[in-house]
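Trainee: Residue numbers (numbering that gives the first Met the number 0), protein chains in the order written: chain A, 0 to 276; chain B, 0 to 308.
These are computed hints drawn from the structure, not numbers from a lab.
Because the structure is a prediction, the values reported are computed rather than measured.
The reader is advised that the hints may include incorrect statements.
Said to hold, decoys possible - With a cut-off of at most 20 Å between alpha-carbon atoms, the simulated EDC-like pairs for lysine to aspartate or glutamate come out as follows:
no.: 1; chain 1: A; residue 1: Lys6; chain 2: B; residue 2: Glu204
no.: 2; chain 1: A; residue 1: Lys6; chain 2: B; residue 2: Asp85
no.: 3; chain 1: A; residue 1: Lys5; chain 2: B; residue 2: Asp163
no.: 4; chain 1: A; residue 1: Lys8; chain 2: B; residue 2: Glu204
This is what each chain is made of:
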Amino acid sequence: MATAGKKEKRVLWIISIPMAILALSCVYPVYFALNNALKDNRGYILDRFGLVQNPTFDNFVQAWTRSNLDTYFLNSVVTTVGAVALLLVVSSLAGFALAVLRFPMRRLIFIVILASLMIPVQVVLVPFYQTIIGLGLLNTRTGLIISYTAFFLPFSVYLMTSFYAGLPRELVEAARIDGAKLIQVWWYVMVPMGRPALITLGILNTLYCWNDVLISLLVLQDQRTLMVGIAALRGEYTTNVPLLSAGIVLAAAPIVILYIIFQRQIVSGIAVGAVKG
Amino acid sequence: MSATAARPATARPVRKPKKASYGSRAERRFAFLFVLPAVLLVLVFRIIPLIWGFFISLTDWSGLGEAEFIGIDNYAAMARDPNFQDSMVNTFVLLATLPVWIMLPMLLAILIHQGVPGGKLFRAVYFFPAVLSSVIVGSIFNVVLRFDGSFNALLGMVGIDAVDWLGNSSTALFSLIGVQLWATFGMSLLIFLAGLSTVSKEMLEAARLDGAKLWQIWIFVVIPSLRPIIEFVAVVTTIGVLTNMFGLIYVLTAGGPGTATTLPEFLIWLEQGRLNRPGYAAAISMVLFAFMGGIAYLQIRIMSRNANI
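Chain A extracted, bound-state conformation (with noise of 0.2 Å):
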C-alpha cells in the first residue's frame, strides 16, 4: 500500500489506540475462562472481576465428572473425527470426478451440490428430523456424522474441485487412465496432490463441527454433544460462573490448540473463497 507520511503516520498511531482495545476484548474470553474457572464459588462471589486468589482445580473435576463433560466430550470427539473423515473422502472423490473425469451431466451435478448451500438446517428442519427418524438415525453419533457430512458437504466439494481443476493438465490427462485403476488414481495421485487443500478443509470443518449446536441438539438428544452440554451448564437464573468458566475451558482447550497450530491454513483457509470469488 501506498506509504504514509509524517502526518499521516502520527494519525495511524493514534488510531492504533482504539484498535489495541478491540484487540484486548477479543482475548478477554481467554482472561474470563481461565480465571473465573480457578476460583471457588465464595470466591467469585466475593470478588467477580479480579484475578484468582487462591486457584484450585475443584471446578475441572466437578465439570468433567459430576456434570457428565467427559460424556459429552467423548460424544463431541467421535462425531467430530468421524464426520471430518467422512466429508474429506466424499469431497476429495467427488472432485476428482468433477475436476478430471468426463462424464454426462458433470455441471450439473456439480451445481445442484452448490445448490444445496442455499438450504440450510433451519429450512428443512421439519422434514429433516424426520428423515433422522426414518432412517433410524435418532440418538445415533452415526447419524449426527452423517448429518454433519451432509450440511458441511457442498463448501467442501467446492474446495476439492476448484483445487483439482488448478492442476497441471498433463497431470490430469495422465489421470484419466482406463478402468478400474481410477481408484488406484484417486488414492495414490489425487489425495496426496490434494494435501494442501485437504489440511485446510480438515481444520475448517473440525471447527464446524466441534462448535455446532442445532444439528446436534436435533440429532443426538438424549446424549448431548459438548457444546449443548455447555449451554445446559448455564442456568436460567443461577449460573455457576467457576463451573461454567471450567466448562469453557474444557470446551474450547483442543480449538484453541487448533488455532495456534494451524492459524496460518485457517487464515488461507478463510481467504480462499474470497479472492477467487
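On the provided structure of chain A, position chain B as indicated by the hints.
Mentor: Here is chain B on its own, set in the frame of chain A:
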C-alpha cells in the same frame, strides 16, 4: 472491475469451450460412482426434505398421526401471529445494520494493510473470537452483559450508568447483534486483507505521485478496486446473519425478553420442538428459504464462475 479480476494472475483462463466429449465407459462409470456419495447425501438430507417440507407446510400436522391438508392456512396464520411478525421486524433491523458488518472490517483491514502500528498482532487476535463456538461466546457474554456484569463495571469507570443489556427489550436485540458482529468481524477482515493484497501497486504509486492524500487514495483507488470483495462479504454476511445466529440466541437470550431477540431460525426451532407444531414450523421455514434464495443465488453464481470447471 469485474469479479474475475481478483483472481491471481497465475490461474488458468476461464473454462474451455464445452464439448460433448466424454471419457471411456469405465471412466464414466467410475465418475458417477465417485460423485454418488456426495449427491446422495445432498439429495436425502437437503433437497428431498426441502420438497417434503413444502408439503408439510400445507398441513396441520402435529408430529404424530395423520396430517390434514389445510392449503395455505399456515401461511395465513403467520400474518396474524405476533411472534412471527416480531421475528420479521427483528430480521429487518438486523439487515439494516449490514453496512456496519461490511464497513467496519473493511476499514480495519485497510488500516492494517496500511501498516498501522501493531497491525500483524491485531490481525491474529481479531480472528480469535471467530474460532470459538457461539455457545462459548454466548455463555461468556451472558455473564458479562448482566446488570452487575463486567461490561457495566467498565462503563461505570467512565461514568456511564449501568444498563440491563439483555433484560431490556430495547437493548437486547442490539446486544445480540453487537456480540455476533464482535465474534465474526475477524472473518470478514481476513477476506478483505486477502483482497487488498491483489490491489495494483502501480496504481497506488501513481496516485501518490500525483500528490493524493492517504484518505483520498483509500476512497478513490483502494475501495473501488475492492468491489468484488465487498460483494462477496455482503453475500456471505447476509447468509450468516439469517442462518448462523441460532447458537448465540440459544444461550445468550433464548429469544427474549418476550420476542425481542427471536429471529425466524429460532422461531422455527421453537415451533418444531417445544410448541410441537411442525406444520407451522415448516411454513416459516419456507419463508426463510424465500429470503435465502435470492441471496444464495448470487453466492452460487460467484462460486461456480470461479471454480473453473
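Trainee: So, for every hint listed, does it hold in this structure?
Mentor: Evaluation of the provided hints:
| no. | hint | verdict |
| --- | --- | --- |
| 1 | Lys6(A) with Glu204(B) | holds (18 Å) |
| 2 | Lys6(A) with Asp85(B) | violated (50 Å) |
| 3 | Lys5(A) with Asp163(B) | violated (45 Å) |
| 4 | Lys8(A) with Glu204(B) | holds (17 Å) |
Going down the numbered hints, you'll see the structure goes against 2, 3, while the others check out.
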